[in-house]
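Trainee: Assemble the whole structure, with the sequences as input and the hints as a guide.
So the sequence lines, in the order shown, correspond to chains A and B. For the first sequence, counting from 1, position 187 maps to 186 in numbering that gives the first Met the number 0; every step adds exactly one. For the second sequence, counting from 1, position 396 maps to 395 in numbering that gives the first Met the number 0; every step adds exactly one.
Among these hints, one or two may not hold up.
[Said to hold, decoys possible] If you anchor each label on the Cβ, the simulated ranges turn out as follows: (1) B:9 with A:208: 44 to 54 angstroms; (2) A:110 with B:77: 51 to 61 angstroms; (3) A:161 with B:17: 27 to 37 angstroms; (4) A:24 with B:28: 41 to 51 angstroms; (5) B:462 with A:220: 27 to 37 angstroms.
[Stated by the list, open to error] The calculated lysine-lysine pairs, modelled on DSS-like cross-linking and capped at a C-alpha distance of 30 angstroms, are: (6) A:179 with B:91; (7) A:71 with A:227; (8) B:91 with A:211; (9) A:211 with A:168; (10) A:227 with A:243; (11) A:227 with A:96.
Just so you know, these hints were derived from the structure itself, not from any lab. Cβ coordinates follow ideal geometry from the N, Cα and C atoms, glycine included.
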Amino acid sequence: MIIALLSDIHGNLEALEACLRHATDTGAERFAFLGDLVGYGADPQRVVDIVAGYAARGAVAVKGNHDEAIAKTPRYMNESVRAVIDWTREVLSTDAKGFLASMPLCVREDEMCFVHASAASPERWDYIDSPSAAQRSVDASRSSYTFSGHVHDQELYTRGAVGRMIVFKPMHGRSIPIGKHRRWLALVGSVGQPRDSNPAAAYAQFDTREEKIVFYRVPYDHLAAAQKIRNAGLPQAIAYRVEKGV
Amino acid sequence: MSGEPATVGRYAPGTDLDGFRIGERIHSGAMGYIFRVTGPDAGFPMIMKVPRVGPGESGEGLISYETESLILPALSGPHVPRFVSSGSLAQKPYLVTEWIEGESLQQKLEGGPLSPDETARVGAALADAVHQLHLQDAIHLDLKPDNAIVKSDGTVVLIDFGLAYHAHFPDLLAEEQRFAAGSAPYISPEQILGTRSDPRSDIFSLGALLYELATGELPFGVPSTLAGLRDRLWLDPVPPRLRSPGVPAWLQEVILRCLEPRAEDRYQSAAHVAFDLRNPDQVVLTERASKAEQANVLEQARRWWRARGGRLALHAPKPQRREAPIIMVAVDTMHPDDERQPALQRATFQILSLSAEFRLICVSVIPAGPVTEGAGESASASGAYLDHIVRLRHWVEPLHLPRRRLSLHVIESASPENALLEFARRNHVDLIVLGAPHPEQVRLAWWRSVASSVTANAHCSVHVVRVPEHTGA
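Mentor: Structure (structure tokens):
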């Protein structure tokens, strides 16, 4: 079974549709959404509708910090992010807000753990930004596979020969064997707001039978998505990030 | 051996495992065991590698096994053993691969050093294998005489990828320096410092192997301490010609260039090493070739000081893949005044300006002359041959290339397209540049079919140069 792993969509409809099409065309049979459906992008309602539809048909969908912020704006968010959250809260339907609030922080299934940030304490939204942070999450997940987002980069962690977690930057489209005899933490990248100077949407696919993961970059009409952000009157800087992938 | 580990029981000769019948145990080492196996007909002989696992084992065998199981299935071609199957690592770790029939370099060396010709022949075949591995984004990192098998047709196959690196996969051995650094006599200075992702590390090991093939001795001995290992960061080896006076200057040049402590001073591609070993007359001799002694005490002290503070220098940025291309331009020296020649020169110049580490091979194919009696590439004594070399040199002069980036070849052949294709393939050419047939010049019919035939059959990219058409009204 091939599971498409999509995270940090951030209200970017164009990017989401491109990734879903790519995943379906390449044989994905299941879908897992790893949080932050909203925030930044101009199409939160459409994005939540799509994900809620998939969830109703059995897809995994866990909560991200931006999804949580719709219910209650946290203090740590800066002004421009707050502005988008406030705007998103206005435009979302009650049903959509209800769906966001209903998502769990973490889902465990067979050998897999799906969580937006760290499995060690999902509600703290800690970034996996070091081998030790990765180690903590993997220890807490108690699963062979931990799939996460939050950090917008694509990275693959596992324990190296020296006993510390090693980090690997995957290449687009290359299948990587990840046997379940060891523990893996995959950061699948961001669908709606990549930040590595490559505007193409990022996601990954895990093949449960073959025990292989593939990371993808999918080009989409990011200029249109950026223009929509401007048209909605949202902060210029956010449109710029989508436009340049920074 | 004291006490057979539990893993061996399952692999007793005669036992069946996942359809493979275990045969004779042919190796037992620190990392694990190797058995001959028969089984589902693969059409070639097979072996099964089994890591040492269990209480009391260090785990090194297991991590090497895992590394090889990850990398070998991703490799292909005539220079690596074919992968057949692997068992689940958690329950029954094993790896079944092709058994390579042939003579290891270790066995070859048991008869003493090889002649310079033989060293060059075997060395070029070894460099071919290393280059093909590097083209697949992999680095061997443990090249030594045991790990290179020469088949009866002269092809070299590299075995044992337990310490290898593949750019597509996480490096499980990252930061591992206790055992993963490779074999002491052959490893590069940067490997000693923990770098595992530079293909030029294999070039250094290739140099150490060439040194041993040519002299029967190791360039840095067999260091047993870390301090001894680190000597190669600054100590230059005894020049091969001092050990074996029969080693020609050009071969010493090639060997010592591979063994430069700083990766950027070495050959930047194994294809360049193979080329020089096959074309001794094209090797540009530097002071390396004439070195008759190790550096004096003062010079060594200076290098030691530099190496001490100079870790960064050894970690110089590695070249991007294929940044050291071999470019072959086919020049029609039969028609030196053809109007396409300047266009071909311009195109060549533009292509070369995109890369700093290129090697340009200028080739002219001339019809086999009666004096040579159909000989191939050999330098016939005919005046025609020299005449065409002079024309080639004249053609390339305006590009102002350093001599070491350039080589000139006149090939006598009745079939220019086949001569070019064969020469390009044998020398790992990355790009062939040649002129398109001229639409109006019927007398160039000999040349006409060449561009299309080369384009259709080349193993690499082909750049066909055309003189812009004048669309005069």
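Trainee: Enumerate the violated hints, using their earlier numbering and listing them in ascending order.
Mentor: 1 and 2
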